[in-house]
Each structure stands twice: as C-alpha cells, then as structure tokens.
Amino acid sequence: AQSVTQLDSQVPVFEEAPVELRCNYSSSVSVYLFWYVQYPNQGLQLLLKYLSGSTLVKGINGFEAEFNKSQTSFHLRKPSVHISDTAEYFCAALNTNAGKSTFGDGTTLTVKP
Amino acid sequence: DAGVTQSPTHLIKTRGQQVTLRCSPKSGHDTVSWYQQALGQGPQFIFQYYEEEERQRGNFPDRFSGHQFPNYSSELNVNALLLGDSALYLCASSWGIGETQYFGPGTRLLVL
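These protein sequence lines are chains G and C, in that order. Take the first sequence: its position 23, counting from 1, is numbered 382 in my numbering, and each next residue is one higher. Take the second sequence: its position 46, counting from 1, is numbered 445 in my numbering, and each next residue is one higher.
Keep in mind that the hints were calculated from the coordinates and are not lab data. Ideal placement from N, C-alpha and C gives every residue a C-beta, glycine not left out. It cannot be assumed that every hint is accurate.
[As the list claims (entries may be wrong)] Straight-line distance between alpha carbons at most 25 Å, and here's what the computed BS3-like set of lysine-lysine pairs gives:
1. Lys428/G x Lys417/G
2. Lys428/G x Lys408/G
3. Lys417/G x Lys412/C
4. Lys408/G x Lys412/C
[Unchecked claim] Stretch-level coverage of chain G by chain C, calculated; a stretch enters the list once three of its residues show a Cβ under 8 Å from a Cβ in chain C:
5. 376-386
6. 412-421
[As the list claims (entries may be wrong)] Derived contacts from chain C toward chain G, CB cut-off under 7 Å, selection only:
7. Gly402
8. Thr404
9. Ser406
10. Phe463
11. Leu482
12. Ala486
13. Leu489
14. Gly497
15. Thr499
16. Phe502
17. Gly503
18. Pro504
19. Gly505
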C-alpha cells in the first residue's frame, strides 16, 4: 500500500519570490515519484519525475524537486515564480510493479503580483 | 507526436443512464490507466489495461468497466450512473506497466 500527503493545501506567494510545495510519501513497495501541474479545466501535465540516481531532479518551467529517502519526502521548489505558475500541483507515487499511481490531494499555488 | 487524446470533452447524463468514454494513448504506448478526479480532490485510480486485459483495479464498483482494443485505445464504461459519478475522468498512457504515465485532457462528466 502507498499514500501521498501534500502538507499544504494552499500556498500564496508574490511574483518573483521562491516557493516550496511539500510532499511526503509512504510505501511498502518500490515507487517512482512525480509532480504534475493542472491548470483550470485541463488535464495533468508532467513537471518532473524521480526514478533513481541523483536525488535532485529538474523539470520543466524552472521547477526542481529533491528526493529524500530518510524523510520520505519529495518537495517541489522554484527559485522565482511567475503569475503563470498559478495552478494546482499534484504529487504522485507510482507503484512500479502494479502500475497504479497514488496522488496527494493537491496544493493550490497562487502567485500574486 | 500526438499526446493522449480523450473524447468527448464534456458530457451530461441523467441518473441511471450509461456512459462510454474513449481514450487514445500517446504514440508508442501500450498501457492505459483510468482515473476519476472529483472536484477539489486528487485523481483516484480506477483500473489499468495492458495487452487488452484489466491488470489492476482500484476501489471502484463493478458498474465501472473497460476495454482495450488491439490498437491500444481504450474505453471506460459506467453503468447505472449516480450523482456521485460526476467528475473529471482522466486517461493516462505509458509504455508498459509501472512506467511514467502521461495524461490526457480528461472528460468532464456531469450526472443530473
């Protein structure tokens, strides 16, 4: 079984400020970790993924995330946000044997001018 | 390279009716998974198809069924619709089970 917890349901931030969206996971099996972004009335777009290797992964739109095995976390960061980053962000854990993804409840990032 | 496509984009049904949603995977992908996303929540796994068979199933009743065709496209069928079935239905494709999933734009179903 696996679970994903996104620690912040809403994160307001000013434009050009840094941001961190927090994600903790729990799993008894091997998982890959992902961050997806969802804009209003759209599907999920893959931001970045951690499969193995370097614990710091870089994604699209200037986002990066760090995998921390001891803390079972996979936090998403961006050094300087833009208005266009306003969206819903989902952390997900993919069971590599079963192929089933478990998602967190999402974090609403609101970037204010 | 076309991504994952879904049809229709929106659908309105009444309670008790049946609905069929369709998904075409990303080129080169052979595995299709379906998710239900209720308003304000994260997606919930419904089931996954690989080699035209249901391989994994989430905690959804038998009213939810599916099919995968030889060209890897897939259908999701929901019978005896309930108000609570109103949601965004997302299709995701991957190259094999347990590989990175890419999502389509979804079908928004409203049950009245």
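Does the closest beta carbon of chain G sit nearer than 7 Å to the beta carbon of glycine 503/C? holds, 5 Å
Go through the hint on leucine 489/C and say holds or violated, using the shortest Cβ distance to chain G against 7 Å. holds, 6 Å
Close enough to count: is the Cβ of proline 504/C nearer than 7 Å to one in chain G? OK, holds: proline 504/C within 7 Å of chain G, min 4 Å.
Hinted contact threonine 404/C with chain G - closest CB pair below 7 Å: violated, 10 Å
With a cut-off of 8 Å between beta carbons, are at least three residues of the segment 376-386 of chain G near chain C? violated (count 0)
Tell me if the straight-line CA distance from lysine 428/G to lysine 417/G falls inside 25 Å. holds, 17 Å
Hold the hint about glycine 505/C up to the distance rule: shortest CB distance to chain G must be less than 7 Å. holds, 5 Å
Let me know if the C-beta of leucine 482/C comes in closer than 7 Å to any C-beta of chain G, holds or violated. Violated - the Cβ of leucine 482/C stays beyond 7 Å from chain G, reaching only about 21 Å at its closest.
Quick one: see if chain C covers the segment 412-421 of chain G, three-plus residues with Cβ-Cβ under 8 Å. violated (count 0)
Tell me if phenylalanine 502/C is really an interface residue toward chain G, meaning its C-beta lies closer than 7 Å to one of theirs. holds, 4 Å
Please work out if lysine 428/G and lysine 408/G have their alpha carbons no farther apart than 25 Å. holds, 15 Å
Verify the interface restraint on threonine 499/C: the C-beta must sit less than 7 Å from at least one C-beta of chain G. holds, 6 Å
The structure fails hints 3, 4, 5, 6, 7, 8, 9, 10, 11, 12 (numbered hints given earlier, in ascending order).
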